[in-house]
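Letter by letter, the chains look like this.
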Amino acid sequence: MNVWIAIGVTAVGCYLVKYLGLLVPAGALERPLVQRLAALLPVALLAALTAQETFSDGHHLLLDARVAGVGAAVVALLLRAPFLLVVAVAVAVTAGVRALGG
Amino acid sequence: MPSPAPPVHPAKTPPRSAVVRDALGVGVAVGLSGFAFGVTASGAGLTVLQACALSLLVFTGASQFALVGALAAGGNPFTAAAGALFLGTRNAFYGLRLSGLLGYRAAVKPFAAHWVIDETSAVTLAQPDRRSARLGFTVTGLSLYALWNLTTLAGVLGAEALGDTEAWGLDAAGPAVFVALLGPMLKTTAERATAGLGAVLLLVTLPLLPAGAPVLVASLAAPAVLWADGRRARTRTGDAPSTTETENGTREAGAR
Chain A
1 MNVWIAIGVT AVGCYLVKYL GLLVPAGALE RPLVQRLAAL LPVALLAALT
51 AQETFSDGHH LLLDARVAGV GAAVVALLLR APFLLVVAVA VAVTAGVRAL
101 GG
Chain B
103 MPSPAPPVHP AKTPPRSAVV RDALGVGVAV GLSGFAFGVT ASGAGLTVLQ
153 ACALSLLVFT GASQFALVGA LAAGGNPFTA AAGALFLGTR NAFYGLRLSG
203 LLGYRAAVKP FAAHWVIDET SAVTLAQPDR RSARLGFTVT GLSLYALWNL
253 TTLAGVLGAE ALGDTEAWGL DAAGPAVFVA LLGPMLKTTA ERATAGLGAV
303 LLLVTLPLLP AGAPVLVASL AAPAVLWADG RRARTRTGDA PSTTETENGT
353 REAGAR
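One line per chain: the protein sequences are A and B, in this order.
Numbering follows my numbering, in which position 32 of the first sequence is assigned residue number 32; successive positions increment by one, without gaps.
Numbering follows my numbering, in which position 24 of the second sequence is assigned residue number 126; successive positions increment by one, without gaps.
Just so you know, not all the hints are guaranteed correct.
[Claimed, not checked] Cut-off 25 Å, straight-line C-alpha distance, at most; resulting in silico cross-link-like pairs (DMTMM-like, lysine to aspartate or glutamate):
| hint | chain 1 | residue 1 | chain 2 | residue 2 |
| --- | --- | --- | --- | --- |
| 1 | B | Lys114 | B | Asp124 |
| 2 | B | Lys211 | A | Asp64 |
| 3 | B | Lys289 | A | Asp57 |
| 4 | B | Lys289 | B | Asp124 |
[What the hints assert, rightly or not] A few chain A residues that face chain B, going by a derived Cβ cut-off under 10 Å, partial list only:
| hint | residue |
| --- | --- |
| 5 | Cys14 |
| 6 | Ala48 |
| 7 | Thr54 |
| 8 | Pro82 |
| 9 | Ala99 |
Bear in mind the hints are in silico, worked out from the structure with no lab data behind them.
Where a beta carbon is used, it is the ideal one built from N, C-alpha and C, also for glycine.
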């Protein structure tokens, strides 16, 4: 049930946010400070989520094969690999390290 | 009123085939990563119906991954949704910029809104005129929406067939998607500082706070960096010219 509540709230909220953007007259949210905050918020969140899903099981800090996989993804990204390849490299390296007993 | 064309594009209308090709390229490449989402959702314990509902109704990738990650970590539904919504707010800013360029009637906007995401915005904003913008938006939106939902379904079913998704390393798909989304955003010193501070805040608070809360605490990195930036700018203007010089040096180095 909890999952459906979360799905419902997220679906409605995300849709309203998109629709609002199309409705608001241009210029209303054009203040530079608001724009910069809007650009930086996703950066903070994505970095936090990456850290959470790489270094924890949700409650405790944890180092396992995922660290190697995500590290490999970062290298792939720096080498300008396309989106899907970055994800594939992370999955393959994580599976490889686990197969080797990591 | 349409936005002015970006300087890379000449003022003349690009051929329709070129717009369609660009739009399809983006739609197909990103649409296929719905597979990673399906797998991640399944690994987090969501049912096929729940994973597909997310892709059909939320349709903004980072928010979907964030929600699933938070639910897997045992967060309550509202803190989990809060993180996903935070990530979704950027779509409002895309909408602000798209609405003039697309010029849709009020009756069309509720339908177009669902497709306002990173990729459709990137393609649409690159178009010099309304006709190409509408074409780019529609082709990217349609191809991405169709593929994202099909591959989500394939991903959940595939993950269920595989059984232990962790043995296949599929639990690394979620964070790898975040890395791939984050990378292109890290261009300036402020962006890098925000990312670093956000990650540190999360790791420090994770063992201390209930699930879901650390991500929200980490989002404070954005206003914190803005505040520090503003403070530095203020001291700089009231300072000797020598500091301005070094500030400029670091800024240029930071901007790649």
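Each hint, compared with the structure:
1. B:Lys114 / B:Asp124: holds, 17 Å
2. B:Lys211 / A:Asp64: violated, 46 Å
3. B:Lys289 / A:Asp57: Measuring from Cα to Cα gives roughly 30 Å; hence the hint is violated.
4. B:Lys289 / B:Asp124: holds, 24 Å
5. Cys14: holds, 4 Å
6. Ala48: holds, 3 Å
7. Thr54: With a closest approach of 5 Å, the Thr54 of chain A hint holds.
8. Pro82: This interface hint holds because 7 Å falls under the 10 Å limit.
9. Ala99: Where the cut-off is 10 Å and the nearest Cβ of chain B is about 8 Å from Ala99 of chain A, the hint holds.
Checked against the numbered hints above, the structure violates hints 2, 3; every other hint is satisfied.
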